[in-house]
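Read off the chains here:
2 protein chains.
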Amino acid sequence: MADPTTSARPRVVVVGCGFGGLEAVKAMDGAAVDITLVDRTNHHLFQPLLYQVATAGLSAPAIAAPVRHLFRKQANVTTLLGEVTHVDAAARVVRLKDHGDLPYDHLIVAAGATHSYFGRDDWAPLAPGLKTLDDAFEIRRRILLAFETAEKEANPARREAWMTFVVIGGGPTGVEMAGTLAEIARQTLPGEFRRIDPASARVLLVEGSPHVLQSMPDDLSMNAREQLTRLGVDVRTDARVTTIDAHGLQVQPTEGEPYRIESRCIVWAAGVVASPLGKAVAQSTGAQLDRAGRVIVEPDLSLPAHPEISVVGDLAAAKSHVPGREPQPVPGVSPAAKQMGRTAAANLLARIAGRPTRAFRYRDYGNLATIGRNAAVVDLTTPLGHLKFSGYPAWLFWLFAHVYFLIGFRNRLVVLIDWASAYWSKQRYARVVSHIEPSRTRP
Amino acid sequence: MADPTTSARPRVVVVGCGFGGLEAVKAMDGAAVDITLVDRTNHHLFQPLLYQVATAGLSAPAIAAPVRHLFRKQANVTTLLGEVTHVDAAARVVRLKDHGDLPYDHLIVAAGATHSYFGRDDWAPLAPGLKTLDDAFEIRRRILLAFETAEKEANPARREAWMTFVVIGGGPTGVEMAGTLAEIARQTLPGEFRRIDPASARVLLVEGSPHVLQSMPDDLSMNAREQLTRLGVDVRTDARVTTIDAHGLQVQPTEGEPYRIESRCIVWAAGVVASPLGKAVAQSTGAQLDRAGRVIVEPDLSLPAHPEISVVGDLAAAKSHVPGREPQPVPGVSPAAKQMGRTAAANLLARIAGRPTRAFRYRDYGNLATIGRNAAVVDLTTPLGHLKFSGYPAWLFWLFAHVYFLIGFRNRLVVLIDWASAYWSKQRYARVVSHIEPSRTRP
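Chains as they are written, first to last, in full-length UniProt numbering: chain R, 1 to 443; chain W, 1 to 443.
Be aware that one or more of the hints could be misleading.
Identical chains blur together in the list; that is why a pair holds if it fits in one copy or across any two.
What the hints assert, rightly or not - BS3-like mimics (lysine-lysine), calculated; alpha carbons at most 25 Å apart, straight line:
1. Lys-388 x Lys-279
2. Lys-152 x Lys-26
3. Lys-73 x Lys-279
4. Lys-319 x Lys-152
5. Lys-152 x Lys-97
6. Lys-73 x Lys-152
7. Lys-388 x Lys-26
8. Lys-388 x Lys-131
9. Lys-388 x Lys-73
10. Lys-73 x Lys-426
Since the hints were made in silico from the structure, they are not lab data.
Modelling step: build the complete structure from the supplied sequences, incorporating the hints.
So, in structure tokens, the structure goes:
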């Protein structure tokens with residue numbers, strides 16, 4: 001399939017080094033292909049722990065590993081820092097912002113997702129979401145400065161607004177953020193202020209549907225809600241946000257009168273949408289997008305008229321194929337992205353070798369979510385059925401699972417030390433704000 | 001001296017939580033005063049290791065400790081995040097940006113220094129200096145992106161410019177930066193790139209005077225130069241920078257023709273100037289400034305007509321008073337700032353108690369500078385005379401001295417682990433760039 005006039009070996013371009021892209025590249029280790037891995041950042045981000053950076057529990061380097069270092073020993077990989085803006089499927093090139101075209105024989109697009117404000121992009125600066133390190137720094141800055149400003153504020157109403165934290169969205173990120181915010185207020189900061197009592201801070205979790213952690217079984221969802229309440233989070237389900245401004249937000253409950261919450265620190269965890277690159281891929285290839293902007297892929301993760309292009313991870317609307325059963329949609333979680341990356345790479349190599357490709361099958365090992373110190377819920381899928389547990393054992397399980405999957409020995413060790421120390425001291429390691437002024441790097 | 005109508009105890013305001021301010025506040029632990037510590041950031045920065053953050057060896061939280069956490073158990077301290085813009089010595093208030101006036105009975109100003117471009121402030125965005133965490137992030141970003149861009153650059157001349165690093169100024173910071181840059185190029189990055197050889201990067205250290213590390217004895221200065229050369233740094237002394245632009249700089253040697261260096265990553269380590277708050281203090285109190293903008297203080301560190309105001313640290317033009325000897329100028333180093341902080345606090349308490357104040361005496365324990373892996377110079381002042389050593393033993397001494405003085409047990413442990421790991425693997429932990437675009441937080 002490679003054009004021998006331009007390259008001795010098939011040229012593979014992988015766009016994105018999240019879980020999907022990373023696994024795809026790893027799975028081609030030793031293969032007779034020339035891989036170019038392109039990403040907008042220089043690091044693979046361990047996104048499940050990003051909320052810890054946002055809540056000052058971990059430093060950024062603890063959860064981010066330089067991509068070219070990860071692949072230094074995989075000789076068939078060239079790492080490029082750059083942003084892919086277009087795909088030209090006819091010419092078989094991807095276009096890099098400021099750096100011309102990159103030709104490919106095979107392409108794997110793993111550009112992931114970003115937050116969605118459901119058409120209200122003007123809310124972005126008022127309620128930042130959590131996808132990148134910059135997002136995490138911005139949220140960390142807002143949380144820490146809210147307490148700092150409250151300490152200086154003489155007006156009681158304004159002081160209370162600075163000490164009211166609202167997390168919008170009751171999915172895993174929203175639950176983690178709300179739980180950890182309550183922990184910071186009740187366990188980390190008390191004793192450090194002279195004019196305010198940080199423990200009196202309010203943390204609200206606002207969710208439009210009736211449940212937090214909707215992807216969990218009902219009993220674990222209820223359990224998570226109880227654990228949140230015990231940590232001091234005011235959980236408001238069946239409550240839709242209708243307006244956000246610089247001083248607070250307006251909430252419309254499913255039943256009852258709308259009301260206002262005065263808050264100076266609002267975090268958005270309510271929705272994700274596929275990377276805009278999905279649209280570029282669809283335009284160039286004729287592939288279809290689903291409502292969330294994800295590219296609808298064939299069973300083997302390639303595109304309908306373009307077997308040389310695969311889409312994996314959060315950017316793909318993929319189905320899991322188990323023989324004899326109806327195909328099931330694949331959830332947007334990191335194990336699914338990793339598995340898709342491996343399948344797409346295997347299929348790519350099969351295609352080069354003239355072998356048939358395999359349909360993607362998602363192996364669901366279960367679901368887990370953390371809530372705060374000693375608080376989590378776990379729902380494991382075992383051959384004997386579901387194994388559910390919560391509270392301290394679930395938190396320990398979550399902790400070790402995450403540290404285990406963190407990339408690189410050093411990170412694991414440092415993260416464990418940071419956590420062990422945070423656990424015993426109830427302190428948070430990374431309470432550093434590099435500048436007081438609002439970040440101008442946000443839109 | 002306190003006004004009983006407004007406060008039961010004398011109100012002490014300390015501006016700045018660098019080494020001077022921090023030690024002053026610590027020295028008043030348990031005293032019958034109400035201290036307010038004001039700083040523009042929320043952390044005490046261990047500045048001697050800031051170059052490690054800039055060169056991706058340490059994460060920011062490893063060298064920054066939240067101030068209010070440091071003083072959580074010192075009940076007479078209130079910590080405020082804020083920027084002091086003016087001092088009104090007649091009204092005895094300091095003015096906070098956006099937050100009104102803060103009255104004091106006693107004032108210690110420890111606002112430190114910033115980089116000086118000798119009137120060429122237009123050079124600041126072209127050659128960032130290293131004083132704050134934001135500076136360190138910006139320099140880290142430029143160093144890492146220079147190699148990334150070189151890997152993408154097809155034009156050989158432009159590629160070479162991206163792989164040419166120039167450090168301006170041969171003081172301790174310049175020597176550390178140049179040595180560590182050479183280390184990154186020769187030891188950390190090789191093997192990770194496919195199109196460039198990082199080891200072929202050029203690192204130049206440009207210094208206007210005939211020597212690097214001018215404050216060191218001549219033999220150690222020569223030794224440092226040799227160690228730098230061995231690490232692969234091209235040391236150019238007697239060379240003044242006359243122009244800096246986006247593509248390089250113009251150098252005028254003391255003897256010979258001017259020449260140009262094409263470089264896309266230039267670091268400024270050539271000059272410091274006192275904080276602009278020095279001018280505000282001088283205007284309000286009639287105190288004099290020296291050429292570097294530092295406030296000229298009395299022997300006891302207070303101001304001529306205002307015994308209730310002291311200035312310490314890099315903002316003070318102080319002299320060391322040893323009975324029977326001519327007063328000597330105090331160098332702008334952290335041990336001097338700490339000692340001044342303690343003396344100013346003791347004199348403040350003496351004044352409240354009606355006791356006489358003491359003249360400041362600087363105890364010089366010596367001087368040390370690191371150059372890179374296994375490379376440093378040490379000049380210890382002992383009762384028996386100077387003890388000088390260099391190379392590996394000096395580097396070990398430097399390492400343990402710095403880790404010892406880092407604030408807080410956690411930081412020390414994590415820094416030691418980071419370093420031990422970096423030493424054995426030759427890797428650098430914090431190679432993370434959060435955004436590709438140039439930071440918009442710089443002027």
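The hints, checked one at a time:
no.: 1; hint: Lys-388 x Lys-279; in the structure: neither (39 Å within a copy, 66 Å between copies)
no.: 2; hint: Lys-152 x Lys-26; in the structure: between (52 Å within a copy, 22 Å between copies)
no.: 3; hint: Lys-73 x Lys-279; in the structure: neither (34 Å within a copy, 56 Å between copies)
no.: 4; hint: Lys-319 x Lys-152; in the structure: neither (54 Å within a copy, 37 Å between copies)
no.: 5; hint: Lys-152 x Lys-97; in the structure: between (45 Å within a copy, 12 Å between copies)
no.: 6; hint: Lys-73 x Lys-152; in the structure: between (53 Å within a copy, 20 Å between copies)
no.: 7; hint: Lys-388 x Lys-26; in the structure: neither (32 Å within a copy, 51 Å between copies)
no.: 8; hint: Lys-388 x Lys-131; in the structure: neither (28 Å within a copy, 51 Å between copies)
no.: 9; hint: Lys-388 x Lys-73; in the structure: neither (40 Å within a copy, 42 Å between copies)
no.: 10; hint: Lys-73 x Lys-426; in the structure: between (40 Å within a copy, 15 Å between copies)
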